[in-house]
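Chains as they are written, first to last, in the numbering used here: chain A, 1 to 269; chain B, 1 to 312.
Rather than coming from a laboratory, the hints here were simulated on the basis of the structure. All figures in this text were calculated on a predicted structure; none of them were measured in a lab. Note that the Cβ used here is the ideal one computed from N, Cα and C, for glycine as well. Treat the hints loosely; a few may be bogus.
As the list claims (entries may be wrong) - Footprint (simulated), chain B over chain A, 3 or more residues, beta carbon under 8 Å: (1) 113 to 126; (2) 198 to 209; (3) 212 to 225; (4) 239 to 248; (5) 254 to 263.
Unchecked claim - Sample of chain B residues with no beta-carbon within 12 Å of chain A, all distances over it, derived: (6) PRO98; (7) VAL209; (8) ALA212; (9) ARG215; (10) LEU217; (11) THR226.
Said to hold, decoys possible - Sample of chain A residues at the chain B side, in silico, Cβ under 7 Å: (12) ILE110; (13) ALA229; (14) PHE232; (15) ILE251.
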Amino acid sequence: MSVRVRLSVGALLAGAILLTGLLAPWIAPYPQGHRDAARPLAPTGTSGHWLGTTEDGTDVLSALCHGAGVAAIVGLATVIVSVGAGTALGLVAGYTGGLVDVILMRLTEIFLAFPGFLLALLVVFAVGEPSLLAVVVALNLTGWAGFARLVRAQAMTLRDRDFVLASRALGASTPRLLFVHLLPNVLGPVLVQATFGVGNAILAEASLSYLGVGPEDATSWGALLEEGAVLFLKTPSLALLSGGALLVTIIGVNLVGDALRDRLDPRSL
Amino acid sequence: MRWFLVRAASALLTLAGALTLVFLALRLAPGDPADNVLGADAPESAKREFRARLQLDAPLPVQYAGLWRDVFNGTLGRCMRIGGTERTVAAAIAEVLPATAELALAAMGLALLLALPLGLLAAVRQGGLADAAVLGGAMLVAAVPVFWLGPMLLYAFTVHWSFLPGPGEPLRGALPLVLPAGALALGLAARLSRIVRAAILDVLREDYVTAARARGLSEARVLGRTVLRNALIPIVTVAGLQLAALLTGAIVTEKVFARPGIGTLLLDGIARRDYALVQGCVLVVTVVYVGTNLLLDALYVVLDPRLRRRAA
Numbered sequence: 001m002s003v004r005v006r007l008s009v010g011a012l013l014a015g016a017i018l019l020t021g022l023l024a025p026w027i028a029p030y031p032q033g034h035r036d037a038a039r040p041l042a043p044t045g046t047s048g049h050w051l052g053t054t055e056d057g058t059d060v061l062s063a064l065c066h067g068a069g070v071a072a073i074v075g076l077a078t079v080i081v082s083v084g085a086g087t088a089l090g091l092v093a094g095y096t097g098g099l100v101d102v103i104l105m106r107l108t109e110i111f112l113a114f115p116g117f118l119l120a121l122l123v124v125f126a127v128g129e130p131s132l133l134a135v136v137v138a139l140n141l142t143g144w145a146g147f148a149r150l151v152r153a154q155a156m157t158l159r160d161r162d163f164v165l166a167s168r169a170l171g172a173s174t175p176r177l178l179f180v181h182l183l184p185n186v187l188g189p190v191l192v193q194a195t196f197g198v199g200n201a202i203l204a205e206a207s208l209s210y211l212g213v214g215p216e217d218a219t220s221w222g223a224l225l226e227e228g229a230v231l232f233l234k235t236p237s238l239a240l241l242s243g244g245a246l247l248v249t250i251i252g253v254n255l256v257g258d259a260l261r262d263r264l265d266p267r268s269l
Numbered sequence: 001m002r003w004f005l006v007r008a009a010s011a012l013l014t015l016a017g018a019l020t021l022v023f024l025a026l027r028l029a030p031g032d033p034a035d036n037v038l039g040a041d042a043p044e045s046a047k048r049e050f051r052a053r054l055q056l057d058a059p060l061p062v063q064y065a066g067l068w069r070d071v072f073n074g075t076l077g078r079c080m081r082i083g084g085t086e087r088t089v090a091a092a093i094a095e096v097l098p099a100t101a102e103l104a105l106a107a108m109g110l111a112l113l114l115a116l117p118l119g120l121l122a123a124v125r126q127g128g129l130a131d132a133a134v135l136g137g138a139m140l141v142a143a144v145p146v147f148w149l150g151p152m153l154l155y156a157f158t159v160h161w162s163f164l165p166g167p168g169e170p171l172r173g174a175l176p177l178v179l180p181a182g183a184l185a186l187g188l189a190a191r192l193s194r195i196v197r198a199a200i201l202d203v204l205r206e207d208y209v210t211a212a213r214a215r216g217l218s219e220a221r222v223l224g225r226t227v228l229r230n231a232l233i234p235i236v237t238v239a240g241l242q243l244a245a246l247l248t249g250a251i252v253t254e255k256v257f258a259r260p261g262i263g264t265l266l267l268d269g270i271a272r273r274d275y276a277l278v279q280g281c282v283l284v285v286t287v288v289y290v291g292t293n294l295l296l297d298a299l300y301v302v303l304d305p306r307l308r309r310r311a312a
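Starting from the given sequences, assemble the full structure and let the hints guide the process.
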């Protein structure tokens with residue numbers, strides 16, 4: 001598949017699902033938490049519940065829409081915070097060098113050496129009844145480290161380039177050098193990594209929810225999948241639909257990441 | 001040797017940092033563990049007793065010292081209660097660790113068994129149909145979460161065709177390992193096959209490969225001895241980096257297939273809000289992860305003579 005096709009197909013798939021999620025409060029047939037207690041486990045095609053209901057009477061179509069909302073919020077919020085923090089630390093470490101670099105990178109290595117999902121699991125567990133915000137914070141605890149290392153490596157190669165030396169000679173301040181001159185030049189690889197980061201965050205949240213420690217205040221595809229797996233023999237549609245939604249989103253995001261990588265960074269794998 | 005000692009010291013420092021991170025994550029999270037475990041309505045006396053037993057009422061530095069004491073005496077603290085008898089976290093983990101190791105190693109082996117020939121095929125036929133099939137298939141399979149693939153495989157092989165044992169049935173021989181290891185291995189194989197392809201393509205462009213062909217070596221010999229051997233370093237690196245994903249995947253896989261293991265133990269600890277057990281499980285997984293990365297670093301030196309000279 002050409003880069004353009006991958007980019008278009010991926011953006012269409014991921015964009016449609018993430019947009020559905022962000023608009024879920026307005027377009028989902030029923031609001032979050034609504035239960036039709038009179039009709040548990042309604043089959044697909046039931047009037048008023050076209051994709052059926054779960055064991056507690058939750059409309060599956062609405063749950064899928066609200067689940068897309070959770071995926072969109074977790075994916076985007078995690079990556080925005082991780083990219084922001086990681087890029088700022090990486091730029092400072094790579095440009096400044098010396099002791100600042102040693103300390104920041106040692107810290108980064110500790111976070112990178114830690115299986116991130118486990119730390120998120122630990123934090124979500126410690127919180128007790130985690131909110132969506134707590135899950136996003138937990139996923140960000142290690143998320144920034146990869147970006148910090150990536151940006152630092154880029155900043156180190158850029159800091160002695162002529163355009164940086166010229167701006168410094170002209171009296172540009174360090175923040176100006178970092179954010180006006182260096183930042184635009186490191187954004188390519190960061191954008192590629194961030195795209196994959198969206199998919200990873202969505203998958204990590206779904207895994208947490210599948211394990212029963214996801215957000216308590218939101219409907220997650222992972223939790224639907226867990227219920228669907230238990231009820232698979234009675235009603236296979238729940239597992240198939242929630243898993244399918246997750247799969248399509250991840251494939252879409254990965255297609256975009258893959259295409260961006262080929263376009264922006266031809267040396268990479 | 002000196003190089004390895006420096007690396008080992010750095011790994012120990014990382015572990016100490018990770019241990020501190022685990023400690024802080026549990027202590028600084030909002031909410032009172034006594035409320036979480038006993039319920040907010042529990043009598044204050046019971047909560048006080050609970051905090052005293054887990055040393056949660058002690059100042060933070062004293063709790064931190066207690067954590068290190070538990071690590072150094074090898075107990076990792078005491079489980080709150082399993083089946084009426086109190087025992088150490090280390091004993092509980094030691095009992096289930098072999099099952100997780102078996103699952104992770106089987107999955108890694110299976111993934112390499114799939115990824116090496118597929119990656120080699122895609123590289124040799126670069127731009128062709130086989131290459132497109134491997135790349136496309138890898139992208140598709142890598143996106144399938146193990147907690148979706150697992151139930152589907154379970155349904156297909158244990159209910160629909162019923163020729164493999166289902167979850168919770170007695171584990172005998174290698175057969176009950178096939179489905180969990182397979183489910184865990186597929187995603188890993190997808191990611192690794194792309195790396196194998198890229199690594200082999202890089203090596204194929206090297207002058208020494210052209211030289212080997214010019215000396216009249218057969219293509220099979222060139223690929224098997226010269227190319228694959230030189231491509232091993234990036235492959236080993238990524239396989240090592242995938243270990244975190246593999247261990248995380250093992251936790252989910254154990255839940256899907258109701259297998260005993262450190263993941264099941266961890267989830268059990270979470271369900272019973274056993275702080276020491278959860279902390280211990282996370283620590284042991286981290287030690288395995290950091291330790292394996294250290295071993296991989298040592299392995300590079302064995303694989304690459306250039307690094308061997310530098311390390312000496």
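Verification of the hints:
1. Counting residues of the region 113 to 126 of chain A whose beta carbon lies closer than 8 Å to any beta carbon of chain B gives 12, which reaches the threshold of three, so the coverage claim holds.
2. Using a Cβ-Cβ cut-off of 8 Å, 4 residues of the region 198 to 209 of chain A lie near chain B, which meets the minimum of three, so the contact claim holds.
3. For the region 212 to 225 of chain A, the assignment as covered by chain B holds, since 4 residues bring a beta-carbon within under 8 Å of that chain's beta-carbons and 3 suffice.
4. As drawn, the region 239 to 248 of chain A meets chain B at 4 residues by the rule of a beta-carbon pair under 8 Å; at three or more, the given contact holds.
5. Counting residues of the region 254 to 263 of chain A whose CB lies closer than 8 Å to any CB of chain B gives 3, which reaches the minimum of 3, so the coverage claim holds.
6. Distance to chain A confirms B:PRO98 as a non-interface residue, since its nearest Cβ pair spans about 20 Å, more than 12 Å.
7. Every beta carbon of chain A lies more than 12 Å from that of B:VAL209, the smallest distance being close to 19 Å; the non-interface claim holds.
8. At the 12 Å boundary, the C-beta of B:ALA212 stays outside the reach of chain A, the nearest C-beta of that chain being 24 Å off.
9. Remark: the non-interface label on B:ARG215 is consistent with the geometry, its nearest Cβ contact in chain A lying 30 Å away (cut-off 12 Å).
10. Every CB of chain A lies more than 12 Å from the CB of B:LEU217, the least distance being 27 Å, so the non-interface label holds.
11. No beta-carbon of chain A is positioned within 12 Å of the beta-carbon of B:THR226; the least distance is around 21 Å.
12. Look at A:ILE110: its Cβ gets to within about 4 Å of chain B, closer than 7 Å, so that hint holds up.
13. Among the interface hints, the one on A:ALA229 holds; its C-beta lies about 4 Å from the nearest C-beta in chain B, closer than the 7 Å criterion.
14. Interface hint at A:PHE232: satisfied, since its Cβ lies 6 Å from the closest Cβ of chain B, which is below the 7 Å cut-off.
15. For A:ILE251, the interface hint holds, since its Cβ comes within 7 Å of a Cβ in chain B; the closest pair sits about 5 Å apart.
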